[in-house]
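Trainee: So the chains spell out like this:
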Amino acid sequence: MFSFTVPLGKLVRTVSRLRGGGSALPGLVVEKIDPGFMQRTLSSLPHGVAVVSGTNGKTTTTKMVVELLESQGLKVFTNRTGSNFTRGVAAALLGAVDWRGRLDADVAVLELDEAHAVHFVNKVPPRYCLLLNVLRDQLDRFGEIDTTALLLQRIAERTTGTVVLNREDPRVARIASAVSGPEVLYFGLDESLRSTFPNDDDMRSAASGTSARGDVPPSPAADVVLRRVGTDDADFEFDGAVVSTHMKLRGVYNIFNAAAALVLARSITGASGQPADAAKLVKALSEVAPAFGRGESLTVDGQPFELVLVKNPSGFRLGLKSFPAKGYASMIAINDNYADGRDMSWLWDVEFDSLREDGVDVVSGVRAYDMALRLQYDEVRFGSVDTDIPAALAEFIRGAAGKPKRVFCTYTAMLAIRRELSKITTVEVVS
Amino acid sequence: MTPAESTTHASKGTIRVLQLYPRDMNIYGDWGNALVLRQRLLWHGYTPELLEYNVGDDFPEDVDLIVGGGGQDSGQLVIQEDLQARAGHLRGMAEDGTPMLVICGLYQLFGKFFKTKSGPVIPGIGILDVETVGTDERLIGNVTLTSPEFGEIMGYENHSGQTTLGAGVEPLGTVSKGAGNNSKDNHEGARHRNVVASYLHGSLLPKNPAIADFLIRTAVERKYGTFVPGNPDDDFARLAREHAARRPR
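Chains A and B are the protein sequences, given in the same order. Under this note's numbering, the residue at position 44 of the first sequence is numbered 44, and the numbers go up by one with no gaps. With positions in the second sequence counted from 1, the corresponding number in this note's numbering is that position plus 1000.
No wet-lab data here; the hints were simulated from the structure. Idealized CB from N, CA, C, for every residue including glycine. Errors might be hidden in some of the hints.
Said to hold, decoys possible - Under 10 Å between C-beta atoms, here's a sample of chain B residues computed to sit facing chain A: (1) S1074; (2) F1113; (3) V1121; (4) I1122; (5) N1158; (6) D1233; (7) L1239.
So that you can see chain B by itself, here it is in the shape it has in the complex (with noise of 0.2 Å):
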């Protein structure tokens, strides 16, 4: 098989994504995510700027789509005052509308605080109604949850802090396989304005284009009024997905 088309037409626009901490904050794959922007933006015929956002950087201007990883615990710490530096920015952008990913340590910190098992409290910058509270129990292991609004979910969970939601955010979706936010609830993620958060890499956005494809119809209707998609073909993004759910725990 041949990639998509990507580049016989004229661009419909720029998209300017960003990677937030990509340095310190990419553990499982979180590059795969950032990957599946950049060449479904082409395939959509729009042209991506893929941007890193590291402490200490300037924040870039005009960025459309923030996508941002997991971490350790050390990693989360290094970026702790920075991303408090920015979070008024970024608790702006949320509200007026920017889509953005984040999973499972930028979860974590886009929610109110993670208490870490070891004690410290780190805080979060509260773009999401949620608390996160270390434990000793792993939650590993391929997920399948149904979201409302993109269908079947699938990835691979592996975080030992456990996500409660408050009432100002929605889950992104119940659990059918899997635990997701904590071992309760059968919850997984978290939806506010158009931020999606989840705990699944596996990586999240390749074998679940439907994400991808909300974060960036959103992306260009605030950027240009209208969305006009290409044809990408997700025939083997289907195939994984059939053979992904069948795959034990």
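Isolated chain A (complex conformation) (with noise of 0.2 Å):
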């Protein structure tokens, strides 16, 4: 039978694009005139769906999985243009599938919001998930984060084949109990590491020296471990033996989000009968670069440039963590709009004392004054203030001419200072 559905989408995407519009406008025309459209494609991949859902790492991780999944053979679809709600996919598909509607890959891979995703997951049930973390994170979204946790859990509930847990998040880990039917796998951390990745609960433990992780039940075993984390490299435990692979990505979060794609890129891999070939796996991860502004390493005026995207206390703390601030200069950019949250409480949950030593020396963002203020409560100098980005970003590059320098900024900054780096200067993409 011949369906309408796919030329006409196809058009709407084509006319939208003409029009510079956005990446949804086709895919809601579809849903509109077709609801079966994307259940009826994606149902016919021979390896299924996989869904990357959480609160932190979402983007970089399901690149990962990507790249993984490639590096055995398979052929991938996945939502890259970020688009990650039900339309988006849509609107995704359709750009892949052929006129007559058939999608040419093994395999989808779909970044998804946590609240979107039980919308898509009650249309398509996935074959995979992999659940990586509940933090912090738009709060004034969702509401509380036992509420985030309880979307994570409906994804796991219709899920049919594998389920992917991250072992060190106890509101993670815990939907094990609720789902029956699929597999259950997980990832880890090496006991060493552990405190490096304070979870929800321990944020403000943590911060105070005393661990409120007394009654934890004993850990499962995981799937793949994160034994170490070196300046470019990481050790990785699968199979019963460690594996040593230099790293591309960087900050500790990217690099347990690694051990995460491992243990989907495997189980995926592994469906069809042979196991994963380990050393393509590794050497593809080796390669992964980051997703955009999430890490990323620039050069601008012959000097490294990194962006360093932090949206919520737990990924801002890791942020600093990863990144020290020896030998850098450093600006902060804080907006509040949707995208960002508007709550500035956050803030107040990240300790700034790594950056005591050596200052801030450009605060910028619509909340330029909020961070200013945080810092003075904990006693880091700082430089210029000014809300307006783009020129604090250019007095930020004329003050620390020839320091590397690092920019840590939420989304909507972020998105406006690399639009200004591309006018003033030439942005190299480095990795």
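Dock chain to chain to rebuild the complex, using the hints, since each chain is given by itself in its own frame.
Mentor: Below is the structure:
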């Protein structure tokens, strides 16, 4: 049977692209005229659908899973545009299918926002899901983190094959007891690294040096364990052996998510009957570059220039820990637009002591003065404060000429900085 | 800029600040309130001693000031039994005039009860004549209110419990932006003796130094008779307030 859905959807997609429109409109049109399109197209994939969700690190982890699977010769469909909601997936699908609606892929790996993921899995039950973490993020959208954990649990409950969970995040690990059908696999951390990754309950107590982990039950065995993180390498343990590898990715939280990606990729590949080629997996892992704005290294005026996206207290803490201040000029840009979260409370759950010695050169963003006030209370010196990002960035680059630079920024501040950088200098992406 | 000079002079005295249930009741930057009290005590020339009380701990002696935060419904359930066991002691301290700041979840439990949306009623400790009922409506966003004591107060609210004040308490202030205690009354927070209760985080004290200094002054006066203030630099607090006031709900 010939369906008009795909030609019509593709037409809307072309037209909306020509008009410079967003990626969701064609998806919306398709949803309206053919609600079964997405489910029908995705269910034809031999390895099914894998959903990646959680509050932090979805984009980079999804990118890793895709590259790991490609290293095993699989054709992967993914929602690369960052449209991590159902309509965005439908729109991305329209771009990928041929005119008869066929998708040339073995598996779909989709990054989905926690709330939208529930909507999606109700339409398309995934074969796999990977649930990363539940950290204080966008609380003004979801209310409480326990609510977010419940959203992730719904995803697990709808999953038909394998659920991959973060063993170290109690809110995620607990989901295991809510699923009965699918297989449960974990990614985990070496004991020695656990204090580096405070989960949300530990946030306050980790800072004051006491532990809230007192009554945690013994942890289950993990399929992949991150054993060690070096400056540009890491050790992963799986299949009873420890493998050391160079890593292009920076930031301990990214590297922990590499363990997550390994579990999912091994599980998907292994489903065909023969285990994944470990050497190829590790090689692919070592070559994964950060996703847009997630710890990117650029070169500006001949000096390294790093953009570190921070969007919640745990991410900011890990960012400060992963990228030591020594020798770097620093700028912090905090916006409070909808995509950043409007509530500034989170800044008070981050300790800035590590910046005390070198200080912060420039503070910017809509909430620059909230950030300046935060630094004042942690007795961290700072230079200029300017809510105008372009002006602040220019001042930062001028004032710290000849030094490597690093900017900690919220999402919309990062977009503004990228835009400005491309205007004032040639931006060269190193990794 | 340099932070205010802190330790150049001999201390004018020691103030013991107790954080109430920081392990289970701290969700939206509640640490910020404790940090502000600690730093401002230093900047005023006093020595802060920051203490913690969690479920099952011995309750510290000689506490001069109490600060407690918000929590999720689950956190409130974890502490409720322990809080009831300490109710008499805390009530006695409050009636005696100990300055206290309670935010969100502990504000609710300092009241008479919190009837949760899912059914169970969590008894409060009745320091404040207020009642809270969980609803499906979540009150979220920037808030500005005006208080007769503290002037304009700014913060951020995020709660689904709606609180109604009884005759025994005054509101902290009248809301000009946002919801406050509930979606009807235009009131935010509650005042009784030297207890300041509020739904606002953001955190509350950094951008509202007048409230921080009220708590500090009260604690010092109760302990030493007179308060000799220092000279904290509040320029950035003022600028942060100006910018916050212009942000949408």
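Trainee: If a hint holds in the structure, say so; if it doesn't, say that too.
Mentor: For each hint, the structure was consulted:
1. Hint status for B/S1074 relative to chain A: holds, with the closest Cβ pair at about 6 Å, below 10 Å.
2. Because the closest C-beta pair between B/F1113 and chain A is about 20 Å apart, greater than 10 Å, the hint is violated.
3. The interface hint given for B/V1121 is violated, since its Cβ lies 19 Å from the closest Cβ of chain A, which is over the 10 Å cut-off.
4. With 10 Å as the threshold, the beta carbon of B/I1122 stays out of range of chain A, its nearest partner Cβ sitting at about 15 Å, so the hint is violated.
5. About 6 Å separates the beta-carbon of B/N1158 from the nearest beta-carbon of chain A, less than 10 Å, and the hint is met.
6. Given the 10 Å rule on beta carbons, the hint for B/D1233 holds: about 7 Å separates it from the nearest Cβ of chain A.
7. Interface restraint check for B/L1239: the shortest CB-CB distance to chain A comes to about 4 Å, inside 10 Å, so the restraint holds.
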